[in-house]
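Sequences listed follow chains A and B, in order. Position 180 of the first sequence, counted from 1, bears residue number 180 in the working numbering, the numbering being contiguous throughout. Each number in the working numbering comes from the position in the second sequence (counting from 1) with 278 added on.
Think of the hints as simulated: they come from the structure by calculation, not from any bench. Only a predicted model underlies this, so the values are computations on that prediction, with no experimental measurement involved. One should not assume that every hint holds.
Said to hold, decoys possible - Here are some of the chain B residues that sit facing chain A, going by a computed Cβ distance under 10 angstroms:
id: 1; residue: LYS437
id: 2; residue: MET451
id: 3; residue: ALA529
As the list claims (entries may be wrong) - Derived DMTMM-like pairs (lysine to aspartate or glutamate); straight-line CA-CA distance at most 25 angstroms:
id: 4; chain 1: A; residue 1: LYS230; chain 2: A; residue 2: GLU250
id: 5; chain 1: B; residue 1: LYS437; chain 2: A; residue 2: ASP217
id: 6; chain 1: A; residue 1: LYS144; chain 2: B; residue 2: GLU533
id: 7; chain 1: B; residue 1: LYS437; chain 2: A; residue 2: GLU40
id: 8; chain 1: A; residue 1: LYS231; chain 2: A; residue 2: GLU40
id: 9; chain 1: A; residue 1: LYS144; chain 2: B; residue 2: GLU425
id: 10; chain 1: A; residue 1: LYS144; chain 2: B; residue 2: ASP330
id: 11; chain 1: A; residue 1: LYS82; chain 2: B; residue 2: GLU425
Stated by the list, open to error - Restraint ranges, calculated between C-beta atoms of paired labels, are given here:
id: 12; chain 1: A; residue 1: LYS67; chain 2: B; residue 2: ARG516; range: 48 to 56 angstroms
id: 13; chain 1: B; residue 1: PRO387; chain 2: A; residue 2: GLU22; range: 42 to 50 angstroms
id: 14; chain 1: A; residue 1: ASP20; chain 2: B; residue 2: MET522; range: 48 to 56 angstroms
id: 15; chain 1: B; residue 1: GLU425; chain 2: A; residue 2: ASP196; range: 29 to 37 angstroms
id: 16; chain 1: A; residue 1: SER64; chain 2: B; residue 2: ARG439; range: 18 to 26 angstroms
id: 17; chain 1: A; residue 1: HIS263; chain 2: B; residue 2: GLY534; range: 40 to 48 angstroms
id: 18; chain 1: B; residue 1: GLU425; chain 2: A; residue 2: LYS67; range: 22 to 30 angstroms
id: 19; chain 1: B; residue 1: ALA384; chain 2: A; residue 2: ASP20; range: 53 to 61 angstroms
id: 20; chain 1: A; residue 1: TYR71; chain 2: B; residue 2: SER426; range: 23 to 31 angstroms
id: 21; chain 1: A; residue 1: THR229; chain 2: B; residue 2: SER426; range: 24 to 32 angstroms
Virtual Cβ for every residue (Gly too), placed ideally from N, Cα, C.
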Amino acid sequence: MTSSATKGAISIRNVTKIYDPEGVNVMAVDDCSLEIASGEVCMIVGPSGCGKTTLLNAIAGFHSVTKGEIYLDGDLLCGPTKPLAEQGADRVVVFQNGALFPWKTLIDNVAYGPIVQGIMSKSEANEKAADMLAEAGLGDVGKKFPGEVSSGMARRAEIVRALINDPKVLLLDEPYRAMDALTKSIMHESLLEVYDRTKVTIFFITHDLEEAIFLGDRVVVMTTRPAKTKKIVDVNIPRPRSYKTLSSEEFRLLVQEAKEAVHEEAIKAFEAGERELA
Amino acid sequence: MLFGIALWLFTYYLLNEGLKVPLFNKIPGPVEVITEFFSRDPIWGTSIYTPDFHTNIYVSLQRIFIAFCIATGIGVPLGLFMGWSKTFKDYTFPILETLRPIPILAWVPLAIVMFSGFETPVIFLATLASLFVTTLNTLLGVDSIDESYFRAAHCLGSKPRHVFWHVVVPGSMPFIFTGLQISIGVAWFSLVAAEMISGDFGLGYMIMDSYMVNKYVSMVMAMITLGFVGWITSAMVRIAGNRMMQWRVRALALEGR
Numbered sequence: 001m002t003s004s005a006t007k008g009a010i011s012i013r014n015v016t017k018i019y020d021p022e023g024v025n026v027m028a029v030d031d032c033s034l035e036i037a038s039g040e041v042c043m044i045v046g047p048s049g050c051g052k053t054t055l056l057n058a059i060a061g062f063h064s065v066t067k068g069e070i071y072l073d074g075d076l077l078c079g080p081t082k083p084l085a086e087q088g089a090d091r092v093v094v095f096q097n098g099a100l101f102p103w104k105t106l107i108d109n110v111a112y113g114p115i116v117q118g119i120m121s122k123s124e125a126n127e128k129a130a131d132m133l134a135e136a137g138l139g140d141v142g143k144k145f146p147g148e149v150s151s152g153m154a155r156r157a158e159i160v161r162a163l164i165n166d167p168k169v170l171l172l173d174e175p176y177r178a179m180d181a182l183t184k185s186i187m188h189e190s191l192l193e194v195y196d197r198t199k200v201t202i203f204f205i206t207h208d209l210e211e212a213i214f215l216g217d218r219v220v221v222m223t224t225r226p227a228k229t230k231k232i233v234d235v236n237i238p239r240p241r242s243y244k245t246l247s248s249e250e251f252r253l254l255v256q257e258a259k260e261a262v263h264e265e266a267i268k269a270f271e272a273g274e275r276e277l278a
Numbered sequence: 279m280l281f282g283i284a285l286w287l288f289t290y291y292l293l294n295e296g297l298k299v300p301l302f303n304k305i306p307g308p309v310e311v312i313t314e315f316f317s318r319d320p321i322w323g324t325s326i327y328t329p330d331f332h333t334n335i336y337v338s339l340q341r342i343f344i345a346f347c348i349a350t351g352i353g354v355p356l357g358l359f360m361g362w363s364k365t366f367k368d369y370t371f372p373i374l375e376t377l378r379p380i381p382i383l384a385w386v387p388l389a390i391v392m393f394s395g396f397e398t399p400v401i402f403l404a405t406l407a408s409l410f411v412t413t414l415n416t417l418l419g420v421d422s423i424d425e426s427y428f429r430a431a432h433c434l435g436s437k438p439r440h441v442f443w444h445v446v447v448p449g450s451m452p453f454i455f456t457g458l459q460i461s462i463g464v465a466w467f468s469l470v471a472a473e474m475i476s477g478d479f480g481l482g483y484m485i486m487d488s489y490m491v492n493k494y495v496s497m498v499m500a501m502i503t504l505g506f507v508g509w510i511t512s513a514m515v516r517i518a519g520n521r522m523m524q525w526r527v528r529a530l531a532l533e534g535r
């Protein structure tokens, strides 16, 4: 399980993204640079529609970049010569609204990656998927369809579906956005547990500052559109963390620090009154 | 459901034999039709015991089966490819959209000119009507699939063929089966229209033939039979759909539907 500990460093260098819907240029990301070390949990926070997801899409290879480069472990993902990164199982995305295939059972969902990549036979993959689901506390529901389990379970299964591929980077796009506070805190602990075990690099987009500080090694506060890094808050709270961390003075001060930076941007974004971009 | 059927039968009785509404003067009442239906010695020559009745049902069913199979066999893959490949859609969509609004009755002369005999034109018309519905619904089905499933499939390392078999096909199933239910209905509709014009046997033929010789009781019998058989075939499609989409049935069941 330590195989991913030494990989997954992302280097975002002067990335600019201009969308061009109907001939009107909209700059989503402007000259943004960010270094993420391997095994780091990097939380991206910013106002709605500021271009956070644009960065994630560029890393995942869903969208091209207009300028700048992104490297993964020193290899070019995308840049001037190759605006669109190739999509691959080394950078698995967990989506905002969940994207487990509703027509596959949880086991089949988890086993999907290794099967289509041809690295495991169907029975091997199913076996491994069942084991990993059991490890995540989902052993009893493996044969159920996503529509039959709670959203918390589904989200956890989705993370298992990503981890079975032993990815270098886990890209999470506000995965717990629609959840109530209680479910959310359970999800946080299970993600921390996963992280402590795998040390996979995590790129995590969120609106929720407390979530950001509780989970992250660093919290990157983005400016309102076009997105740039405004402030980086280092979170030096030791791991493993638990819900007790939430009530510490240290935690509270960090939230306060980040809140001020975000609030300023939120006001700017609100006043600009622009529609959210994908 | 039984109560519903009884209610409708009673309304029919009331309008016809009870109140003797003028509109229904020439139409046989339910008592007359039902008596005839189950009579071993039918006055007008047709009941559930006479072989010609069975032949008519059998012939229509067989035509529907062939037409529905051809339409599904062509329509589903066509729709899937149209939804999957933009280029393929660019080539095929205009022709589909031009042909689709042409009413099936307008195809009748062409069908008679093109195909010889009774059987082929009739099946052709039912197939055609069905095909448009199936193709369009399948296409809509592919369009309805959430983009994040495609993205998820790609970032899990899928090749295009995996995306096709694991996302496009299962993802469009709900729309496909909605389409197939409409399509089998449309197949019946156009089959009967075709049988009335150029058929030889079949329930549509029975309706028209009975009308020509003033056997109104047989005509109503054929209509009721048609409705009933149509309902059964549609239910069969629905059952097949639910079997293939357990994931959906179970998720909907949890929502209390």
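Hint check:
1. At a threshold of 10 angstroms, the smallest CB-CB gap from B:LYS437 to chain A is about 7 angstroms, leaving the interface hint in force.
2. Satisfaction of the interface hint for B:MET451 is found here, the shortest Cβ-Cβ separation to chain A being roughly 7 angstroms, below the 10 angstroms cut-off.
3. Interface hint at B:ALA529: satisfied, since its Cβ lies 3 angstroms from the closest Cβ of chain A, which is below the 10 angstroms cut-off.
4. Among the hinted pairs, A:LYS230 with A:GLU250 is consistent with the structure: their alpha-carbon atoms are about 22 angstroms apart, no more than 25 angstroms.
5. Proposed proximity of B:LYS437 and A:ASP217 is contradicted: the alpha carbons are some 35 angstroms apart, above 25 angstroms.
6. Of the supplied pair hints, the one linking A:LYS144 and B:GLU533 holds, its CA atoms being roughly 15 angstroms apart against a limit of 25 angstroms.
7. Between the alpha carbons of B:LYS437 and A:GLU40 the distance comes to roughly 30 angstroms, so the proposed pair goes past 25 angstroms and is violated.
8. Proximity of A:LYS231 to A:GLU40 is assessed by CA-CA distance (about 17 angstroms); at most 25 angstroms being required, the pair is judged to hold.
9. Taking the CA atoms of A:LYS144 and B:GLU425, the gap is near 23 angstroms; set against the 25 angstroms cutoff, the hint holds.
10. Distance hint between A:LYS144 and B:ASP330 is unfulfilled; the C-alpha atoms sit about 51 angstroms from each other, more than 25 angstroms.
11. As the CA atoms of A:LYS82 and B:GLU425 are separated by approximately 23 angstroms, the hinted pair is consistent with the 25 angstroms bound.
12. At roughly 54 angstroms, the beta-carbon separation of A:LYS67 and B:ARG516 lies within the given 48 to 56 angstroms, and the hint holds.
13. A beta carbon spacing of about 47 angstroms between B:PRO387 and A:GLU22 agrees with the range 42 to 50 angstroms that was offered as a hint.
14. Between A:ASP20 and B:MET522 the beta carbon distance is about 42 angstroms. The supplied range of 48 to 56 angstroms is therefore violated.
15. As the Cβ distance of B:GLU425 to A:ASP196 is approximately 33 angstroms, the hint placing it in 29 to 37 angstroms holds.
16. In this structure the supplied range 18 to 26 angstroms holds for A:SER64 paired with B:ARG439, their Cβ-Cβ distance being about 25 angstroms.
17. For the hinted restraint 40 to 48 angstroms between A:HIS263 and B:GLY534, the CB-CB distance of approximately 42 angstroms keeps it satisfied.
18. For B:GLU425 paired with A:LYS67, a C-beta distance near 25 angstroms keeps the hint of 22 to 30 angstroms intact.
19. Distance hint for B:ALA384 and A:ASP20: a CB-CB separation of about 45 angstroms, inconsistent with the stated range 53 to 61 angstroms.
20. As the Cβ distance of A:TYR71 to B:SER426 is approximately 26 angstroms, the hint placing it in 23 to 31 angstroms holds.
21. Roughly 27 angstroms separates the CB atoms of A:THR229 and B:SER426, a value that falls within the hinted 24 to 32 angstroms.
In the structure shown, a violation is registered for the earlier hints numbered 5, 7, 10, 14, 19, in ascending order.
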